[in-house]
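Participant: What follows is the residue order along each chain.
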Amino acid sequence: MAASVGFEAETEFCIAVNSDNDLVAARRKGRVLAEQIGFSGSEATLVATAISELARNIVSYAGRGEILLSTVGNGSSIGITVIARDQGPGIADTRRVLEHGYSTSGGLGLGLPGVRRIMDEFDIISAPGLGTTITVTKWKRR
Amino acid sequence: MAVPILKQSHYLIATIQSALTDADLVQLRDALADKVGKFRSRGVIVDVTALDVLDSFASRTLRDISYMIKLRGAETVIVGIQPEVAFAMVQLGIAFEDVATALDLEEGLLYLDKKQKLGQHGSQRGF
Ligand SMILES: Nc1ncnc2c1ncn2[C@@H]1O[C@H](COP(=O)(O)OP(=O)(O)OP(=O)(O)O)[C@@H](O)[C@H]1O
Ligand SMILES: [Mg+2]
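Sequence order for the protein chains is W and U.
So the first sequence is numbered by the working numbering: it starts at 149 and just counts up by one.
So the second sequence is numbered by the working numbering: it starts at 89 and just counts up by one.
Hints in this document: simulated from the structure, not taken from any laboratory.
Bear in mind that the values here come from a model prediction, so they are computed numbers and not experimental data.
You may find that some hints are simply not true.
[Unchecked claim] The calculated lysine to any residue pairs, modelled on SDA-like cross-linking and capped at a C-alpha distance of 20 Å, are: (1) W/Lys177 to U/Ser106; (2) U/Lys203 to U/Gly125; (3) U/Lys202 to U/Ser106; (4) W/Lys177 to U/Ala107; (5) W/Lys288 to U/Lys203.
[What the hints assert, rightly or not] Interface residues of chain W toward chain U, partial, derived using beta-carbon atoms under 7 Å: (6) Gly186; (7) Ser190; (8) Arg204; (9) Ser218; (10) Gly262; (11) Arg264.
Heads up, the beta-carbon is just placed ideally off N, CA and C, and yes, glycines get one too.
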């Protein structure tokens, strides 16, 4: 696939996330897409790891949701955008969940802060009762 | 997919063959804790060479394995963490303190042998 420049949202994958079994497929799709647009093995691993954390949160806190993968271009760079979205309970304090160590499930609370560190862009939209949408992008290093 | 566990003299070697679901990992943890008692093993090696992602859950489960095996009186060493995976773990902020790791199976076996020797006092040399 030619890495074309100047276009938005090229390839799209939509992966339904209903159980931890779906994480394996979501990670794999992310890696394939990353490698297709020329990410290094190391960058592809970061993308796959971020997908894993976001998808696991969907399973743990919302029960079900989906992961959308697309390639993005902004003229001079190409990257991957991962959207993790669910219609679960939502998050009241979206700043708090980005603090290292904050967890409502007795976890380590490093999933979201870790994803934010791994990816170049991080955006979270959530409110109680309205579900959660987390959008992250990683640009290819040149 | 279940992870095969091989018994090699007084050690157990679990070689992960492909990407694992959370349930597979938990099953591996329980199987190892069980087999260490059954075979009176002194060491466990978990070979993760085939894993292309070690996220927070997988890391936590490997750490749990190491702690559980310790409580059962044996040592665990995780071998084969790939360089990209190691980089992602560091970026994610995963602390793997007090979990023994080694480059590969061979180094893992050396580590366990050394631990065995340290644990034996004077008279009880060799196996
Ligand atoms: N999709 C979601 N819906 C509702 N709440 C969420 C969602 N994702 C995360 N959260 C909330 O944010 C908190 C922090 O998430 P994060 O992934 O950082 O840590 P964790 O899942 O608790 O632990 P870890 O990821 O280290 O196992 C969670 O404990 C949970 O309360
Ligand atoms: Mg999490």
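Participant: Run every hint past the structure and note whether it holds.
Facilitator: Now for the hints, and whether the structure bears them out:
At most 20 Å may separate the alpha-carbon atoms for a hinted pair to count; W/Lys177 and U/Ser106 meet this at roughly 15 Å. The hinted pair formed by U/Lys203 and U/Gly125 meets the criterion: a straight-line CA distance of about 19 Å does not exceed 20 Å. The hinted pair formed by U/Lys202 and U/Ser106 fails the criterion: a straight-line CA distance of about 30 Å is larger than 20 Å. Our distance criterion of 20 Å between C-alpha atoms is met by W/Lys177 and U/Ala107, whose separation comes to about 13 Å.
Using a Cα cut-off of 20 Å, the hinted pair W/Lys288 and U/Lys203 is violated, with the two alpha carbons roughly 44 Å apart. Checking W/Gly186 against chain U: minimum C-beta separation of about 15 Å lies over 7 Å; hint violated. At about 4 Å, the closest approach between the beta carbon of W/Ser190 and any beta carbon in chain U falls short of 7 Å, and the interface hint on this residue holds. Because the smallest distance between the Cβ of W/Arg204 and any Cβ of chain U comes to about 6 Å, under 7 Å, the interface hint for this residue holds.
With its C-beta approaching chain U no nearer than about 20 Å, W/Ser218 sits outside the 7 Å limit, and its interface hint is violated. Restraint check, W/Gly262 versus chain U: the minimum CB separation of about 4 Å is within 7 Å; hint holds. The interface hint given for W/Arg264 is broken, as the beta carbon of that residue sits about 10 Å from the closest beta carbon of chain U, more than 7 Å.
Against the hints set out earlier in the document, violations occur for numbers 3, 5, 6, 9, 11.
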